[in-house]
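These protein sequences, in sequence, are chains A and B.
Just so we're aligned, residue 234 is where the first sequence starts under this note's numbering, counting upward by one.
Just so we're aligned, residue 7 is where the second sequence starts under this note's numbering, counting upward by one.
The set of hints was computed from the structure by calculation and includes no laboratory data.
From the three backbone atoms N, C-alpha and C, an ideal C-beta is built for every residue, glycine too.
Hints are not guaranteed to be accurate.
As the list claims (entries may be wrong) - Which residues of chain B face chain A? A partial, calculated answer using Cβ under 7 Å:
no. : residue
1   : Glu16
2   : Lys72
3   : Val77
Said to hold, decoys possible - Chain A is nowhere near these chain B residues, computed Cβ spacing over 10 Å in every case:
no. : residue
4   : Glu45
5   : Gln69
6   : Asn71
7   : Pro102
8   : Arg104
9   : Asp123
10  : Ser125
11  : Ile149
12  : Arg165
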Amino acid sequence: MDDRTPQTTHQISGAEIVIRCLQEEKVKFVFGYPGGAVLHIYDEIFKQDAFKHILVRHEQAAVHAADAYARATGDVGVALVTSGPGATNAVTGIATAYMDSIPLVVISGQVPTPAIGMDAFQEVDMVGITRPCVKHNFLIKDVKDIAPTLKKAFYIAATGRPGPVVVDIPKDITAHFAKFEYPATVEMRSYTPIMKGHSGQIKKALKLLLEAKRPMIYTGGGLVLGDASAELVKLARALGYPVTNTLMGLGGYPATNNQFVGMLGMHGTYEANMAMQNCDVLLAVGARFDDRVIGNPGHFYSKDRTIIHIDVDPSSISKRVKIDVPIVGHVQSVLSEMNDLLIAETRKPDADAIKSWWEQIDLWREKKSLVYKNDSQIIKPQYVVEKLWEVTKGDAYVTSDVGQHQMWAAQYYKFDKPRRWINSGGLGTMGVGLPYAMGCQLAAPDAMVACITGEGSIQMNIQELSTCHQFRLPIKVILLNNRYLGMVRQWQEFFYENRYSESYMDSLPDFVKLAESYGHIGMNIEKSADVEGALKEAFDMKDRFVFMNFITDQKENVFPMVPNGKGLSEMILAGDE
Amino acid sequence: MKHIISLLMENEAGALSRVAGLFSARAYNIESLTVAPTEDATLSRMTIVTSGSDEVIEQIIKQLNKLVDVVKVLDLNDGRHIERELMLVKVKATGPFREEMKRMSDIFRGRIIDVADGSYTIEVTGSCSKLDAFLEALDKAAILETVRTGASGIGRGDRILKI
Ligand SMILES: Cc1ncc(C[n+]2csc(CCOP(=O)(O)OP(=O)(O)O)c2C)c(N)n1
Ligand SMILES: [Mg+2]
């Protein structure tokens, strides 16, 4: 049978099938950019109003915005790009999402099936290029496969350890006809994510936790992605143990609660890193002991420490650090089972031991590792973030780019809720900040959204100012403008004897005029005393995009700092400079 | 230590490159890799010979299991197993070599499967180390060409890799 013309009235085009699948998945936004290979799909987008298409100005931003939408809501983000350059532009976005385990479906157009392999115009092997940075990918070769493949794509993206899935669709396939049937469920013998943890292991873990003298709870992005924050809070409160979050895990445990000892890792607090290093029982939840978190695994190792690790991905367990009690399962399910056991439990934590452990932690806290010297004139970047937290009452969605400003945002904005802190932790992609803010603002139209960025990073996706205007997104850009690729400059100061090779940002644009030319409001803030007033003024403009250019201290450094390859207790503190 | 890993995967385009890509991306060793469809045409079976510390092997198994196309993974070294590889060796068969090569082939239970004026082609099967030993035993000057299939492996007795 020929599928180039509709055989019955029930048959619709592949392009229309794509749209119907997205409707079945209740997709609200598709972030994309048109081109030859996806013209049939765009024609169907024109005819529908089930979802809104957000036209970005660069495909990288489409994927980042979809990624942020997923991070903010927990739903699968969707991006649509054309073949060739559209597809390659999307790759950085896909790799960024992959490193942070973000559920995405990226649909890319492909040259028509007969042209594949012919070096056709705008042909690129998208399945090949993205293979190392996707959870899975598909090339569709038959119009009848579109619906089942998209069903699988959404299922794979969202379940188990989430991740991006690419679906590459040749143009001719979108013009062929088939009957539309969306499968109700997915069965894959090769893919069966584990949900429930092993009950014996969970009991063993709880026993260890109750016997601990110096316990520590360490949670990462997996806790946030697994929507298990409430369960963790319940467990931590019941036990009364200290909690630290990774950069990706911020908001997993409320930062303003006294049991929170701050973020850990390369730029973590003194108390978090010391407690992590010196604890005797460590409960790790949805975290992966990566190099920016524990530094050198050789230095991290301690024979006096027992580690319990809950993770949905077995390959995360014992990858960098040997785990004593592994629990593979969905973090939410495992933690709630643990909570149920704890309620029925007659044993209690060792009150004396826990009390003296807290006394030790309080001594570490007295180092006040996040204190900085404020200035009456020059704007300190830390001060801007602190004021931002006050002005937004800690309730904003905060996105960041990559660099010093990212670390200050993480250190000084106290996140009390999960899914509020949106940044590129794994890949560390400069340029995510603005598209991330777009994704957040669309996910939460009435919320305050702040993009904390650097003058280097913001210029990597500056064209999205146009998208923000088109869709009237009232984002507030908080540019901590130090005229340097600050994080690079900091490493050059510490490790390359102040040779600031190519880290000065010369010839910066007039950001106020730039913002204005895109139809936004721009503000220059140059004095410490003006910071709070300017922030209030900006956030009072509830329906306007405001670009705030804070001229900050050029040579400020991020402290504490664990130098690359060192152990967690080998921190450089601000006073050591 | 050397490990033989057997796996079943969906017989789909690109499945092989996912496995090969995993090994190169994570800098794991591959000594050999063989793949062919099974009696169930929707499944392929692959045998990978690799080496590494226990931790590395554990990661390899986990990472293979994580691939969406992979249905089942078995480390044959976890139990008793049989390993076989096939090798074809073309050797010089002139002068004194003609007798010598025949004798060596017999000792290693090889078969001469092609005879030409100046050469023999010998087929040998066995464990990888037996094939290595055969090549060792031959006079280097006599070897014209070798080709090996890479190892296939199967568990002994009741150890069965099936879905
Ligand atoms: C796409 C990309 N290129 C290069 C880097 C390396 N890098 C990390 S931080 C940084 C400097 C960022 O400068 P800026 O945005 O001004 O932030 P600051 O550190 O000054 O706050 C660079 C170049 C990166 N992370 N991403
Ligand atoms: Mg900068």
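Practice task
Quick one: work out the minimum CB distance from Arg104 of chain B to chain A and report holds if it exceeds 10 Å, violated otherwise.
Solution key: holds (48 Å)
Handout entry: Cβ separation check - Ile149 of chain B to all of chain A, threshold 10 Å
Key = holds (37 Å)
Practice task
Answer holds if the nearest beta-carbon of chain A is closer than 7 Å to that of Glu16 of chain B; otherwise answer violated.
Solution key: holds (6 Å)
Problem - Gln69 of chain B and chain A, when compared Cβ to Cβ, separated by more than 10 Å - result: violated (5 Å)
Problem - Minimum Cβ distance from Arg165 of chain B to chain A greater than 10 Å, as the annotation requires - result: The claim stands: Arg165 of chain B keeps its Cβ more than 10 Å from every Cβ of chain A (closest is about 20 Å).
Exercise for the section: Determine whether the non-interface label on Asp123 of chain B survives the test: each CB of chain A must be over 10 Å from its CB. Expected result: holds (43 Å)
Exercise for the section: Hey, is Pro102 of chain B genuinely clear of chain A, shortest beta carbon separation above 10 Å? Expected result: The claim stands: Pro102 of chain B keeps its Cβ more than 10 Å from every Cβ of chain A (closest is about 52 Å).
Handout entry: Asn71 of chain B non-interfacial with respect to chain A [C-beta, more than 10 Å]
Key = Non-interface label fails for Asn71 of chain B: nearest chain A Cβ at 7 Å, not farther than 10 Å.
Practice task
Have a go at the Lys72 of chain B hint: is there a Cβ in chain A nearer than 7 Å to its own Cβ?
Solution key: Status holds, d = 5 Å.
Problem - Status of the hint placing Val77 of chain B at chain A (closest C-beta pair under 7 Å) - result: At about 4 Å, which falls below the 7 Å cut-off, the nearest Cβ of chain A leaves the hint on Val77 of chain B intact, so it holds.
Problem - Least C-beta distance from Glu45 of chain B to chain A larger than 10 Å - result: holds (16 Å)
Practice task
Confirm or reject the statement that Ser125 of chain B sits farther than 10 Å, beta carbon to beta carbon, from all of chain A.
Solution key: holds (39 Å)
Of the numbered hints listed earlier, those contradicted by the structure are 5, 6.
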